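One-letter residues, chain by chain:
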Amino acid sequence: MAARIIDGSAIAKELQQKIKADVAKLKEQNKTPGLAIVLVNSPVARTNIAELKKRMCDSVGIYCEVHTLNSLSGQANVMALVEKLNADPKITGINIHPMPNHIDYRAVVHAIDPLKDVEGIHPMNLGNFLIGDKQYIPFTPRGIMKLLESTGIELKGKRAVIVGRSQHVGLPVGFLLLEQHATVSFAHSRSWYLEQLTCQADVLIVATGHPEMITGSMVKPGAIVIDVGTNLVGGHLVGDVEHDSVNQVAGWITPVPGGVGPMTVAMLLNNLIGCCD
Amino acid sequence: MMSAKLIKGPEVAAAIRDQIAVDLASMKEKTGKVPGLAVILLGEDPASKAYVGNKEKTSKALGFYSVVHRIPAETTQEVLLKMIDDLNKDEDIHGILVQLPLPGHIQEKAVIDAIAVEKDVDGFHPINVGNLMIGDDCYIPCTPHGCMKMLEYIGYDLKGKNAVVVGRSNIVGKPVALLLLQQHATVTICHSRTADLAAVCREADVLVVAVGRAEMVNGDWIKPGAVVIDVGINRVDDKLVGDVHFESAKEKASYITPVPGGVGPMTITMLMLNTLESFRRKHNLK
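Residue numbers (my numbering), protein chains in the order written: chain A, 53 to 329; chain B, 2 to 287.
Hints were generated in silico from the structure; no laboratory data involved.
A few of these clues could be false.
Using 25 Å as the maximum straight-line C-alpha spacing, the simulated DSS-like pairs for lysine-lysine come out as follows [claimed, not checked]: (1) A:186 / B:34; (2) A:106 / A:208; (3) A:65 / A:106; (4) B:34 / A:272; (5) B:90 / B:34; (6) B:283 / B:90.
Listed next, the stretches of chain A that the computed footprint assigns to chain B, with coverage defined by at least 3 CB atoms under 8 Å from CB atoms of chain B [what the hints assert, rightly or not]: (7) 182-189; (8) 228-240; (9) 265-273.
Note that the coordinates shown come from a computational prediction; the quantities given were computed from them, not determined experimentally.
Ideal Cβ positions, reconstructed from N, Cα and C, are used throughout, including at glycine.
Just need the whole structure built from these sequences, with the hints factored in.
Structure below.
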């Protein structure tokens, strides 16, 4: 039997409607959420995603500015822009896109006003998040929790295994699952006995950036599998999970594309509403 | 049957303090100054008084500059925050510690957030916690730091190993899990809601237990040859015992920390190490 699909696109669309209503309510109180996207033109900048975010903002009534700095911009240029956005009352959230190597990304993140940290990645917000004060939560993990919620399956006491320990996805999603009283394992590229571990997972979250590294034999029958990867292989998008084999074993699975991806932009805007309060 | 080797806290701590003394001597020669630690104690709680007394004694024995503010339990939050602010600005102070727990009329979070990040030698400020999470420069909280130093002392290579942490507190479980992960262990965090805790513990090459329940983990739960770090200190019939049942566990483990004489004696030394580190950063020393 094939796994049930967790339809990220559909859940994101519903969320978009809710965001639209929330924005309307905020506007009644004379508050308009404003998003600034900062990117330095380079192969990692993901310009198309910035445009997608802008369109989505437009459609729900959020003010949005995309600041594309030219490829020769240095640290000082980026920092100056962030300072300007920190001070700009129209902007309630700042979203930094991946930066080229010559920019110190961490220094940029440190410079963001923690109150405008829509991504939930400033150390102050990460620290508060870890100790249980959840005002700002990284948005991809938050989207993953929504997808899990949509299955209606209780997480308490379940065995959750996260493969990949990035600060944007793996670590925060693990601590969100812990808060839901799951038993949480963090695995990664150096893990021995990886298969032994993944086979015990009632919830398996894969965010490694290695195309199709998790196969059917590594999955517990009936498990919920969340595939965070989007890898371009031979002109096709594939996840970190080998869909065909895992689909035969898992109980639930997110497709790529159409799983975690569509949720991220929606959750970013959802976080932005939070920054307005 | 083979019995586990003991990882003795006082022995590990003494080795670290010897190194602190050596480093301090050379830093003092370069700067003409010594690290300063300020401790604030509210009220008369006997346990807190004893901890603070030990911190003061260790601080002085190492040649640090030590200040202890013993103030009444009724002190207002406003007065306490002002005192912290003064210490934040004090050039001779490199570490500030407010002894917890605090009386009910004071918000613990407001107090912790008020300490300058670069002087937060307890490692409880959210920015330090956040930096710990992303592996950036931070002060590592004393108890988790002590656990890691004990593993380092026996030369244990964590890379690829299965580490299981029982307990998910902000001051031990979560930070120790992050530190183990940074050493490339595979880390599982368990707690009271974990289904079949014994089975999960049996997968552990390294088992760290910090739940505050006397002798909850027994020998049957331990993989032969595992390293067991027992963070618990529980008083049972006027005797101190850990969260691990020592007698049965030591027949299975390769190394184990005793209670008392294990993790407990490490924490004050870690506080001194963090204060020295703060001094080192302030003066841009290697």
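For each hint, the structure was consulted:
no.	hint	verdict
1	A:186 / B:34	41 Å, violated
2	A:106 / A:208	38 Å, violated
3	A:65 / A:106	16 Å, holds
4	B:34 / A:272	60 Å, violated
5	B:90 / B:34	17 Å, holds
6	B:283 / B:90	13 Å, holds
7	182-189	holds (count 4)
8	228-240	holds (count 8)
9	265-273	violated (count 0)
Hint check: violations occur at hints 1, 2, 4 and 9; the rest are consistent with the structure.
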